[in-house]
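Let's have the full structure, built from the sequences with the hints guiding it.
Numbers given in the working numbering equal positions in the sequence shown, counted from 1, plus 51.
In case anyone wonders, no lab produced these hints; they're calculated from the structure. There is no bait here: all hints are sound.
What follows is a set of in silico ranges between Cβ atoms, one per label pair, in the way DEER data are often shown: (1) P386 x A467: 43 to 51 Å; (2) T54 x A352: 36 to 44 Å; (3) A254 x L363: 42 to 50 Å; (4) A73 x L351: 43 to 51 Å.
List time: in silico EDC-like cross-link candidates among lysine to aspartate or glutamate, alpha-carbon distance up to 16 Å: (5) K103 x D74; (6) K424 x D540; (7) K436 x E459.
Backbone N, C-alpha and C fix where the C-beta goes; we use that ideal spot for every residue, glycine too.
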Amino acid sequence: MATLHLRLEPRDGEPFRHEVRADAVVIGRSSKADVVLADRFLSRLHARLFRKDDTWFVEDLGSRNTTFLNDRPLGQPTVVRPGDVIRLAESRLIVEDPDRPAPSGDGLVGGPDERLPGSTVLRSATLFLSPEREAATQGEAVQLAGRLRVLNEVHRALAAPITLEALLDLILDRAFAHLGPEEGAIFLRGPDGSLHRAASRQAPGEKGEPLFSRRLVQEVVDKGMAALVTDASLDERFAASESIVVSGVRSLVAAPLLDSEGCLGMIALGAKQRPRPFGEDDMELLVAFASAAALRLRNLALTEETARRRLLDRELELAHDIQMGMLPRAFPERPEIDVAAALQPARSVGGDLYDVVAEGERVWLLVGDVSGKGVGAALFMAVTKTLFRALAPAAESVAAAMGRVNRELARDNERAMFVTAFAARLDVATGELEYVNAGHSPTYRVDAGGGVAPLGGPVNPALGAVEGHEYQAGVTPLRPGDLLLLYTDGVVEARNASGEEFHALRLESYLAGCGGAGADAVVRGLLGRVEDFAGDTPQYDDVTALALRWRGRGA
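Shown next, in the form of structure tokens:
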């Protein structure tokens, strides 16, 4: 489509046509726009149509009132085709097919509605909803007042607390009461955008499937058009629709369920033996019905979503309490050691863990960080901690313990989750420390003189990552007064508003100034330092720290 043919219907002016021969055209109310429309609600430069590889696209230019394509808000440049309706504030652009003769009858080739003589009217539903409509005669005023009474009754009926099923039934009930069809159906969009029949009704004595036409869906839902068919057998759009012909429907009227966020679906009414076919007054009334129904449907969906979120929040709060309850509430009370730990999850639940277990003259330590976030990571964290408690105390070495934990985590691990961990076993009598680093941040050792250095030794794969791996351990003696700090990467990777990381250098500087502070003071001071550094920047990763000071034998 090298040339774009547009029919433009400004809010405050006469419709006109424009042929776009350039590669792009900007529409707005400013004189700087390529096409200026008389619409005070239009942005100065509202939208742009542009050509790329013989395909035309439309994009919103950051307008205040958004650009709608077939009554769906534009989020990104989107392909346009003949028949598409672009809504800019209260003005419309219709993409025309140059090979198809335009309807006549409005003094301009193609009027404000598309009409097939004697059979069908397709009109944008938004035109019926204009708040500025006025009655020209006393008869029209009486008719308008009666319609307003009907709509007021419908609004009151729809306003009561109600379920979705009851709401759909009520919409059909009011449609049957005021429009007198012989069958009707409401179609709603699913989460994937597909349309499904959500409710239907037939007059007593009617049989068979309620009407459905893909062509009708295309015109009403995809383009946001209200449809009136006075005789389906004479309409070239629907005469070929087997579903319409077989159903026996001669006259039908349909309207999109439109609100400010887009189209939720449509309501369609059909008649076979109705004394008179549906008219434009019926179409206008159904559009008003559909507008009220769409507002109530959207509110109901928002209410249900709010209820689901509240339930999820309560479940997450419970999961958080359970997860925090799995962490040690108290640490081994031995004169040789001083130990403390803390965990701050980035979400309600997280994947960090720590544990301290005493077994005779030995104390086991563990700090870990599960891959991923949220509930899945929290479950994997719970499994890891349970395995550590069950397998470590009875193991002959730290390497053997981590090997067994790894085998259990790697077995049937279809989601390929893993946990980086630092596990250690301290002999409180001698100060000998045996440890395994499973892909984790290095543990720091702070000596009594304030010297800070990471523990060396082999670095093994994360737990659960490589099934059957033989873990290698490191061994080092501690001296009385030495402090160990185990932590997760949420400490050193915490960021401030400038995107700068806390980094290991700040951690080392902090540890160098801890002196002989108690383990609890070291942990609380570190978490406070990280929090002050991040400021108002949201925490994106769990933060965990565990400190242990060995006082020595007979302390």
